[in-house]
Amino acid sequence: MIAGVSPDLPHTDELPPTKEWGLRLLRHPVRLVLSTWWRVRVHGRQHLPRRGPAILVANHLGFLDGPAVVAFTPRQTFTVAKTELFHGALGRLLTYVGQIPVHRHQPDTWAIDRAVQVLRAGKVLLLFPEGRRTGGEVAHAHRGAAYLAMVTGAPLVPVALLGTREPGHTDAQLPRRGGPVHIVYGAPFTLPREPWPRRRAEVGRWTEHIRQHLAEHVVAAQALTGLPLPGPPRAKSHLTRR
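Numbering of the sequence shown is given in the UniProt record's numbering, commencing with residue 1 and proceeding in unit increments.
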């Protein structure tokens, strides 16, 4: 058991171990590809704890967000992704690298237990509190990050993503090749540990705390990099056929 992480419920001892070898094998090639296609700049690496559990909470602009953070974070990073992505070749790839599918519109205890298992093993977990791709300003947040931080005691590290989607693009479109992509890590912070939080109001209060913290970090990251947010993603149904 990693020091500082609660051994309380939910129990995760019976879950199969997380798949690390696929992530270890592919992370560096993916980083090379992304570095070749875009001008990726990483700021604030020193804020990521060198060891022990950590929860990365990031704004969510487009499809490139998850691969970029997983590839460029100095430590192996697992993420939670919507089940809709776990189909076909992409689904097999996500499973191969140990990523966690989650049902977004219903309680998913398996995904929660899997995320807790990752943190109890002293690993890094990436979450997008907004729950979907947005304009990136973090106007709302789901409760998962607060819940996991309260249960495990893991520190939260805000991550601002800029340049992973361009203005006027859909959330599935990639930015133009050669364009700037910035990943900005902020100083870690913690929530009061509560081994099995059952009070929705308490979890909700800390969720708003996380949202405000991340939103302020995104504003600071724009000032640091000079790169603005792209605005809301364009609806796919509005694409013009050529």
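Derived by calculation from the structure, the hints in this document are not laboratory data.
Only a predicted model underlies this, so the values are computations on that prediction, with no experimental measurement involved.
Among the clues, some could well be false.
[As the list claims (entries may be wrong)] Label-pair distances were calculated between CB atoms; the ranges are:
no., residue 1, residue 2, range
1, 37, 74, 29 to 35 Å
2, 137, 236, 32 to 38 Å
3, 75, 190, 27 to 33 Å
4, 176, 219, 33 to 39 Å
5, 224, 75, 20 to 26 Å
6, 231, 76, 18 to 24 Å
7, 32, 199, 43 to 49 Å
8, 37, 199, 19 to 25 Å
9, 228, 178, 39 to 45 Å
10, 35, 224, 19 to 25 Å
11, 236, 180, 22 to 28 Å
12, 235, 28, 25 to 31 Å
From the three backbone atoms N, C-alpha and C, an ideal C-beta is built for every residue, glycine too.
Range hint 29 to 35 Å: satisfied by the CB atoms of residue 37 and residue 74?
-> violated, 21 Å
Per the hint of 39 to 45 Å, is the separation of the Cβ atoms of residue 228 and residue 178 within bounds?
-> Given a distance of about 18 Å, which is not inside 39 to 45 Å, the answer is violated.
Just tell me: holds or violated, for the beta carbon distance of residue 224 and residue 75 against 20 to 26 Å?
-> holds, 22 Å
Would you say the C-beta atoms of residue 75 and residue 190 sit inside 27 to 33 Å of each other?
-> violated, 18 Å
Do the beta carbons of residue 235 and residue 28 sit within 25 to 31 Å of each other?
-> violated, 36 Å
Check the following: the C-beta atoms of residue 137 and residue 236 are separated by a distance inside 32 to 38 Å.
-> violated, 21 Å
Lying within 19 to 25 Å: is that true of the beta-carbon distance residue 37 to residue 199?
-> 46 Å Cβ-Cβ, so the 19 to 25 Å window is violated.
With respect to the beta-carbon atoms only, verify the hint that residue 35 and residue 224 lie 19 to 25 Å apart.
-> holds, 20 Å
CB-CB spacing for residue 199 and residue 32 relative to the 43 to 49 Å hint = holds, 46 Å
Pairwise beta carbon distance, residue 236 to residue 180, judged against the given window 22 to 28 Å = About 25 Å separates the Cβ atoms of residue 236 and residue 180, which means 22 to 28 Å holds.
Could you say whether the range 18 to 24 Å given as a hint is met by the Cβ separation of residue 231 and residue 76?
-> violated, 33 Å
Does the Cβ-Cβ separation between residue 176 and residue 219 fall within 33 to 39 Å?
-> With a Cβ separation near 25 Å, residue 176 and residue 219 fall outside 33 to 39 Å, so the hint is violated.
The structure shown violates the earlier hints numbered 1, 2, 3, 4, 6, 8, 9 and 12.
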